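Chemist: Hey, can you work out the whole structure from these sequences and the hints?
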Amino acid sequence: MGGPRSKVFGLASRDYLHEWQMSGCFVLALAAVLGPMLVLFGLKFGIVGAMVDQLIEDPRNCEVRPVGSGRYDRAWLESVRARPEVAFLVPRTRSIAATIELSSPQASRIVPVELIASDRGDPLLPPNGPLPEGTTRVVLSQSAAEKLDVAAGDTLDGSLARRFRGHQERVHLPLTVAAIAPARAFSRDGAFVSVMLLEALEDFRDGRAVPLLGWEGEPVDANRTYPGFRLYARSIYDVAGLRDAFARLNVDVHTRTAEIELVQRMDRNLTAIYWAIAVIGLVGFSLSLGASLWANVDRKRRELSVLRLVGFRTADIVWFPMVQALFTAVLGWALAVAIYQATAWVINDMMAAQLETGQQVCRLLPWHYAIALALTCGAAVLAAGLAGLRSARVEPSEGLRDL
Amino acid sequence: MSTDASTALQPTRALIYHLRDVVKTRESEGVAFRLRVPSLQIAMGEKIALIGESGCGKSTLLDMLAFILQPSTAGAFRFRPECDGESLDVQAYWKDGKLNELGDLRKRHIGYVMQTGGLLPYLTVHDNMNLCRSVLGLRPDGTVEHLAEELGITSHLSKLPDALSTGERQRVAIGRALAHRPSIVIADEPTASLDPYAAEKVMSLFLGLAEELNITVILASHAWRHIKELGLRRLTHRTLAYASKRLTETVVSG
Numbered sequence: 001m002g003g004p005r006s007k008v009f010g011l012a013s014r015d016y017l018h019e020w021q022m023s024g025c026f027v028l029a030l031a032a033v034l035g036p037m038l039v040l041f042g043l044k045f046g047i048v049g050a051m052v053d054q055l056i057e058d059p060r061n062c063e064v065r066p067v068g069s070g071r072y073d074r075a076w077l078e079s080v081r082a083r084p085e086v087a088f089l090v091p092r093t094r095s096i097a098a099t100i101e102l103s104s105p106q107a108s109r110i111v112p113v114e115l116i117a118s119d120r121g122d123p124l125l126p127p128n129g130p131l132p133e134g135t136t137r138v139v140l141s142q143s144a145a146e147k148l149d150v151a152a153g154d155t156l157d158g159s160l161a162r163r164f165r166g167h168q169e170r171v172h173l174p175l176t177v178a179a180i181a182p183a184r185a186f187s188r189d190g191a192f193v194s195v196m197l198l199e200a201l202e203d204f205r206d207g208r209a210v211p212l213l214g215w216e217g218e219p220v221d222a223n224r225t226y227p228g229f230r231l232y233a234r235s236i237y238d239v240a241g242l243r244d245a246f247a248r249l250n251v252d253v254h255t256r257t258a259e260i261e262l263v264q265r266m267d268r269n270l271t272a273i274y275w276a277i278a279v280i281g282l283v284g285f286s287l288s289l290g291a292s293l294w295a296n297v298d299r300k301r302r303e304l305s306v307l308r309l310v311g312f313r314t315a316d317i318v319w320f321p322m323v324q325a326l327f328t329a330v331l332g333w334a335l336a337v338a339i340y341q342a343t344a345w346v347i348n349d350m351m352a353a354q355l356e357t358g359q360q361v362c363r364l365l366p367w368h369y370a371i372a373l374a375l376t377c378g379a380a381v382l383a384a385g386l387a388g389l390r391s392a393r394v395e396p397s398e399g400l401r402d403l
Numbered sequence: 001m002s003t004d005a006s007t008a009l010q011p012t013r014a015l016i017y018h019l020r021d022v023v024k025t026r027e028s029e030g031v032a033f034r035l036r037v038p039s040l041q042i043a044m045g046e047k048i049a050l051i052g053e054s055g056c057g058k059s060t061l062l063d064m065l066a067f068i069l070q071p072s073t074a075g076a077f078r079f080r081p082e083c084d085g086e087s088l089d090v091q092a093y094w095k096d097g098k099l100n101e102l103g104d105l106r107k108r109h110i111g112y113v114m115q116t117g118g119l120l121p122y123l124t125v126h127d128n129m130n131l132c133r134s135v136l137g138l139r140p141d142g143t144v145e146h147l148a149e150e151l152g153i154t155s156h157l158s159k160l161p162d163a164l165s166t167g168e169r170q171r172v173a174i175g176r177a178l179a180h181r182p183s184i185v186i187a188d189e190p191t192a193s194l195d196p197y198a199a200e201k202v203m204s205l206f207l208g209l210a211e212e213l214n215i216t217v218i219l220a221s222h223a224w225r226h227i228k229e230l231g232l233r234r235l236t237h238r239t240l241a242y243a244s245k246r247l248t249e250t251v252v253s254g
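So the protein lines, in turn, are chains A and B. Residues in the first sequence are numbered consecutively from 1, following my numbering. Residues in the second sequence are numbered consecutively from 1, following my numbering.
If you are wondering where the hints come from, they were derived from the structure by calculation, not from laboratory data.
Only pairs whose alpha carbons sit at most 27 Å apart, straight line, appear in this in silico BS3-like list of lysine-lysine: (1) 7(A) / 159(B); (2) 201(B) / 228(B); (3) 159(B) / 201(B); (4) 107(B) / 7(A).
Distance windows between CB atoms, simulated: (5) 142(B) / 367(A): 49 to 57 Å; (6) 14(A) / 39(B): 41 to 49 Å; (7) 83(B) / 10(A): 32 to 40 Å.
Here the structure is a predicted model, which is why all the values come from computation and not from measurement. Backbone N, C-alpha and C fix where the C-beta goes; we use that ideal spot for every residue, glycine too.
Modeler: Okay, here's the thing in structure tokens:
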């Protein structure tokens, strides 16, 4: 069967080239429909995708915060941290103790800041960025850094006071700015510090000794408990489950479940709207492609009948318009991709100023192109095949004398 | 109405077509047309002419003989393309929907010349003439070139049909129908679109070539005058109009 089939392929190709103006029109018509579809899809994927991603990825939506203060020991906290849906957990000290007064050589004023327990993997800090470490390295919130007029690498003086054995005591602590946290991480004056430093400051305020920093006081209680913790779920989809798990442990927690549901609903609604547009577009596209290919086969009925007359079989005759439809599909798709690329480049270039680097308003992934190609070829082959079959079924004499 | 005595059927020769009680009925807008063939026998190598006004059913008969039109009913419709081959029941092929098998028979044994063109516009004259040969997988053996020379179209071989006059295109069509050396060539008014002088020339070229290649010819024409001189057997036909039933019937036999 390879002989006649490749013969028909050759004939169909020569006809396609011979009628290059007509073929060009079909390719243009296809690209005119498919190109804007790709741009629309690219915009939805770029804008809506990024928006939803941003909402989903905002770490504050993943936070599970215990209400009030409890007494959580290290072993219990470790068991919670071991849960697969927990992405990050550090113990917190009492918030009254978690403050420090900062001063810098550049700024004249003393800035009291809140201290936030932090550690490797803190979702509020940039991943792979510098971390608070030990008793000296801290990450300042942006507003604190501005007031102190410091940048990463600068030194600070931290001071805190206590009443101990009847008289006021003040200690000073040299600190280094490891980094400045992004503005959205913490809006007030604050500093991300290691749990170790927080424990030391709490111990000092409680009148206990901190041998590490040479501060004197009562001996430290070995069975330390924490009044709270900072916990972030792996994703927003794990928050509700964690909330229920804590409820079973009689730990009252505050979550952003309501906001998360809003985000999820928005994600679903936008996706549904998009799919409605995509399906309507796809149906319209298939109909327009199908109609033009169907009309083309009708136009060629006499020539197909001539092929029938010289003895080509039904399958070969159906193959003829299918080959041509495939040419149209592939060329039209390629042109549509070129149209899309140019449009996307212009849109992204226009929007570049308002975007973070690397972000694109209009973008498609390679598999989107592949799907577009597959759908186009599928619709083309189906339409041309059906039309070709109809032509092949007509009694040859009728096809020959029609025109 | 008259049978040419000189080319009367010789019973000893192998019959290529044998038709008995073949009927094709067509209806359009309340007017029916019926072609009836009580008996038709065509022997191998014969040159047959079917003469009549246009619309009398010539094309219908030719299309049935070329297996591109299905008879409405047939007592017998047998086709024996080779002297020593078996006789095939064409009506049975139609009944079984074996269009592809009929196509294969046509491809191998029949050449068809249409009233106008029927050339593929995207193939050169050479490739158009070579079409049937290439479909059959025949190697180039100079036949196309020889026919082109005989038909006087050698200088057009590399042109597309668009560049040719109507008469030249008809010659190409004749060349295509003969190039694969079929057993039969069926021609439906091959010269109707040509001026009388060109028509006569093309017709004698055609019949001369068919004679040279020993091909059976079945020809439809509306003019008998110049066909007569070429020694063809004329099939008789009469057309009856039944006004009350709005039916036109043509009866052909030979």
